[in-house]
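Novice: One letter stands for each residue in the lines below.
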Amino acid sequence: MTAYRFAVAVMPKEGILDPQGRAVEQSLPHLHVADVSGVRVGRRVELTVEAPDPLAARATVERLAGEVFSNPIIEAWTIEALAPEGRP
Amino acid sequence: MTAYRFAVAVMPKEGILDPQGRAVEQSLPHLHVADVSGVRVGRRVELTVEAPDPLAARATVERLAGEVFSNPIIEAWTIEALAPEGRP
Amino acid sequence: MTIATPAGPLHRALGLTDAELAAIHERLGRDPNDLELAMFSVMWSEHCSYKSSKPLLGTLPTTGEDVVAGPGENAGVIAIGDGLAVAFKLESHNHPSAVEPYQGAATGVGGILRDIFTMGARPIAVLDALKFGDPSAPRTRHLVRGVVRGVGGYGNCVGVPTVGGELVFDASYAENPLVNVMAIGLLEERHLTRAAAPGPGNLAVLYGSTTGRDGIGGASVLASASFDDASAAKRPTVQVGDPFAEKLLIEASLELIGGGLVEGLQDLGAAGITCAVSETADRAGTGIVVDLDAVPRRETGMAPFEVMISESQERMLAIVRPERLAAVLEVCGRWAIPAAVIGRVTDDGLIRVVSGEEELARIPAAALTSEAIVHHRLSSPPARTRSAPAPGAPEEPGDGLPERGMDPGAVLIALIGSANLGSRAWVTTQYDETVGSDTVEAGERSAAVLRIKGTTKALVAATDAQAQVAVHDPYLGAALAVAECARNVAVTGARPLGVTNCLNFGNPERPEAFWRFAESVRGLGDACRALGLPVTGGNVSFYNESPVGAIAPTAQIGVVGLLDDIGLRVGPAFRAAGDLAVLVGEAGPGLAGSAYAALAGLASDDRPPSLDLGREAALQRFLVTAARERLLASAQDVSGGGLAVAAAECTAWSGLGARLQLRVGMAPAVDLFGESPSRVLVTAAPDDWERLAGLAAAHGLPVRRLGTVGGDRLVIELVGDGATGAAEGRGAGVADAVDVAVADLHHAWRYALPRALGEDADAAPLAVEER
Amino acid sequence: MRVGVVVFPGSNCDRDALHAARLAGAESELLWHETPDLGGADLVVLPGGFAYGDYLRAGVLARFSPIMGAVRDHAARGGLVLGICNGFQVLAEAGLVPGALLRNASLRFEHRWVRLSVERRDTPFTSAIPAGRELRLPVAHGEGNYFLPDHELDVLEARDRVLFRYAPPEGNPNGSARDIAGVLDAGGRVCGLMPHPERAAEAILGSDDGLLVFRSLVESAAAATSARAAAVVA
Ligand SMILES: Nc1ncnc2c1ncn2[C@@H]1O[C@H](COP(=O)(O)OP(=O)(O)O)[C@@H](O)[C@H]1O
Ligand SMILES: [Mg+2]
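Residue numbers (my numbering), protein chains in the order written: chain A, 1 to 88; chain B, 89 to 176; chain C, 177 to 947; chain D, 948 to 1181.
Take these hints with a grain of salt, some might be off.
[As the list claims (entries may be wrong)] Quick list of simulated restraints, FRET-style, between CB atoms: (1) A/Pro72 x B/Gly126: 19 to 29 Å; (2) A/Glu67 x C/Pro498: 39 to 49 Å; (3) D/Asp1069 x B/His120: 33 to 43 Å; (4) B/Ile161 x C/Gly234: 56 to 66 Å; (5) A/Glu62 x C/Glu533: 45 to 55 Å; (6) D/Asp1069 x A/Ala81: 51 to 61 Å; (7) B/Gly154 x C/Gly259: 55 to 65 Å; (8) A/Ala81 x D/His1098: 55 to 65 Å.
By construction, these hints were calculated from the structure, which means they are not laboratory data. Just so you know, these numbers come straight off a predicted model, no measurement behind them. Just so it is clear, CB atoms sit at the ideal spot from N, CA and C, and this is done for glycine as well.
Make the full structure from the sequences, and use the hints.
Specialist: This is the structure we're talking about:
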């Protein structure tokens, strides 16, 4: 068994109202930041999976990403493999 | 001016309690998932910056990451350059 | 091992003076080792030892027939009949909130709730008293937003309604906001649980969150000087609250207590395990040996001192008989709460810390707690103070009326539309006020009312401070706060039961600051004695200052009262058109410290109004009796903004106007906007006037009909000899009346706060903030 | 009628729901989330609160609790299920009612009294509500902003599955699509709503309109029982 670490990015689906993203955009003028657009605020989950091989590990993460970390009505997800944790 | 797209990952700093990650771990047995550990839950912000060059664009993102997207006392951030948006 | 730090000897780096080190040596009969020094440094901190305040706090009246637990316990407890009792306490979380407003406020709520359920009480309500600087300053806005979100984020999640509090803006709090939180719990008296560790051989069980490096606080010098320099900088001193974990702790703790499974219970707050074991052992006259290796940790590589003084949140220490351990672990397991036996009660009076075969520390429990060092600080009044005249002393009315010539209606709109007097809905809508299904009255009314299921009774609670008066006269400020707070409870018809307090002051090592503290304690004690109220607990927060100066001396008061029959409750809003509006009590001179004075930039030559505690006590007795005899349709006390604002609030809450005539005794500004105490604006059915007036007279209280409720305007005509203020400059004989539309008042009141904070009602917060 | 109120770790309106159900005359008990047994309940209430702290996403972690399998079976058999606030979020996450609950448009927790229009009175949740009567109830949530893609909203409305809407003058507190405050599942036996009827079950608390919802459920359960009895006799 090896430890694999992943990050799951969960973002609001396109076309879904993203109140946080909108709020950030609205506040940008106050910060004197121009030229920023398309702000979307989502979630990032990092986790470590013990598995015999990378494929098995990824399968577990995919299940969690689809069933737990995201709500398919409103969110889409992607998985990224990370370097193993510095400290266990 | 060119449009650059970035993702900012904002995660609880090491050593800071992450109640969300802990709650997810607590409920893993109900999900019939074993061998998952080190769950940390953070935020992901995607945005597009119009700037003359990539360095200028990144400077804007860095400012936002530190001042708006994260709480520097308890969170750390990293920036990732994304491919330009499929649809503007 | 001795650690030399850049700042000199270790004890100084830990905040202990040379004299204190000598006192430690005296108690141990030897030099402390580094772990012991760390334990002393946190336990002998002002926060844990009350080393500067203890002698004065001892002067407070703390006893009463129904007092079941007073100061010295985690919270005061007062019996309320039917085998029930109420636990309540007020506590500060000022400094953490200044650093990180969301987490500071959130963990403040968590901490005070633990003090309540540690006693065996189910927390049923929270009140938050918040003080900030100028609302237009960006930093203030950031703090307000974070603190309010933090209070709500924690309280809403644990399911305890936040039903009241205070929000005050004053320049003195700009760098040092105050976050004081009061919590109230209900218990069956037979479940009262003490924070003691009786019975040598019993086990010390730590349950709740695991222990991490958070909140190592002042001792962080130790961290940076010791083993792991590289990571020291990353070490968080900010504590992150986990209300979900706290909710589980509440349920598990009440189940443990209900099942008779624990001999003693203590929450872990400041100084963590060190404080919990030494206080519980000292209270029981026992000792505890702590097995360091048994403490469940969140992080690897923690040094012994880090484990012993960590302030990780949401942890409890239970003292358990060995034969009940399995049952205790079962309850914790069911609530998915980590639990571990970390020590054993002994009969040697010592706190010993062991790891394997090695003994790392050995300190008499008493040396850490009841026999901690006490400082008798120097006290001297500042060069300039303005005290109020003694009650009944002859008084030359100086009204210092800068608003002369201004329409009093416009002044009223400005006051009720100001940040300090406008509607608190911007705050209260962020708080769950109704969870628990007991909330009868909440939010911005003078007092919160919570019915007690299964009885006819209700608990009534309020919190107040009078810091703006205390700036001039700290004795008076504290006494006025007690009077106002108890009055706020009494206007509902409830009988005040007891007082809790949180004393927020500057650096006690400065004689002037200490004088303010001493005067406040004196005022607190005198007022409580006069009103027959025991002080059952509280908290002291010193060092509330910044390079710009100290905060206004702030004695925050909390009062809990009992309404025997919820059916007799009197609300503050006007009830019905045609009711008589009546003033009980009368205005006294003095505008200093008032909202009007702040608005008008008044007149430092004026004084604050005086307080007659005998009259106040009579007024409160009158209110309770009048409610019992069902003579009152509504009752509202006269406080911030004076009589005119009191009437405007009754109007804003009900939508009913009124037409009143006010005899001017002093000067229009004083009668309309002065904040002299011991007055209430009540309404009554016209038929009840005679009885009401008779009852007031029987209590020795002046009473006057002011007019009638109804219509869509609030009109206050000024009559009498002194009624020359506003129009005087124009040569008229009678002052202009207040004459404003109810709708205009309501509008000014409703949007005051979002306007002051630069937010429309529905503008979005600036940053991506915590949920 | 028997009412079972599920206790998830972090539920905080469980005892409130129990209290309201008892006021309406139902026999009520708490059900522990790890025991997949409804104890013979006719109506299962998923109460308000913050199950699992609402961490990750409101309602998502609770939906995996062992009892949810039993709740699903109960619903499949036509049993009654009422999800209030956090309970609505759990039902939505579990797919037992349509839609998702996003963060409030204000990005703030919103506690306020709202008015609800009752869109149908021929359901077990609303049968005792007099015609024309609106309900005054409190809301208290940070994530109650009802979302469903537009075309699915059309279908939901066409099938009369919107049960409650926020009504003027207070209006919509959270940005919910089409002012939706409560919805039904396809069979009309599972209802999720954001406002709290259980907190408004006594006049002393500001409103007893919420009791009408519990009374509706008690009455329709009684009617169902006597219908069943009649069928058995026949
Ligand atoms: N201003 C005060 N008035 C009365 N009692 C006080 C005051 N300040 C502190 N106390 C009492 O001293 C004891 C220690 O207080 P504190 O350290 O704040 O308790 P805890 O650690 O349980 O929160 C408590 O019993 C508290 O009620
Ligand atoms: Mg305590």
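Novice: Against this structure, judge whether each hint is valid.
Specialist: Against the structure, the hints come out as follows:
1. A/Pro72 x B/Gly126: 19 to 29 Å: This hint holds: roughly 25 Å between Cβ atoms.
2. A/Glu67 x C/Pro498: 39 to 49 Å: holds, 44 Å
3. D/Asp1069 x B/His120: 33 to 43 Å: holds, 41 Å
4. B/Ile161 x C/Gly234: 56 to 66 Å: Distance hint for B/Ile161, C/Gly234 is violated at roughly 38 Å.
5. A/Glu62 x C/Glu533: 45 to 55 Å: With Cβ atoms ~50 Å apart, the hint holds.
6. D/Asp1069 x A/Ala81: 51 to 61 Å: holds, 54 Å
7. B/Gly154 x C/Gly259: 55 to 65 Å: holds, 56 Å
8. A/Ala81 x D/His1098: 55 to 65 Å: violated, 37 Å
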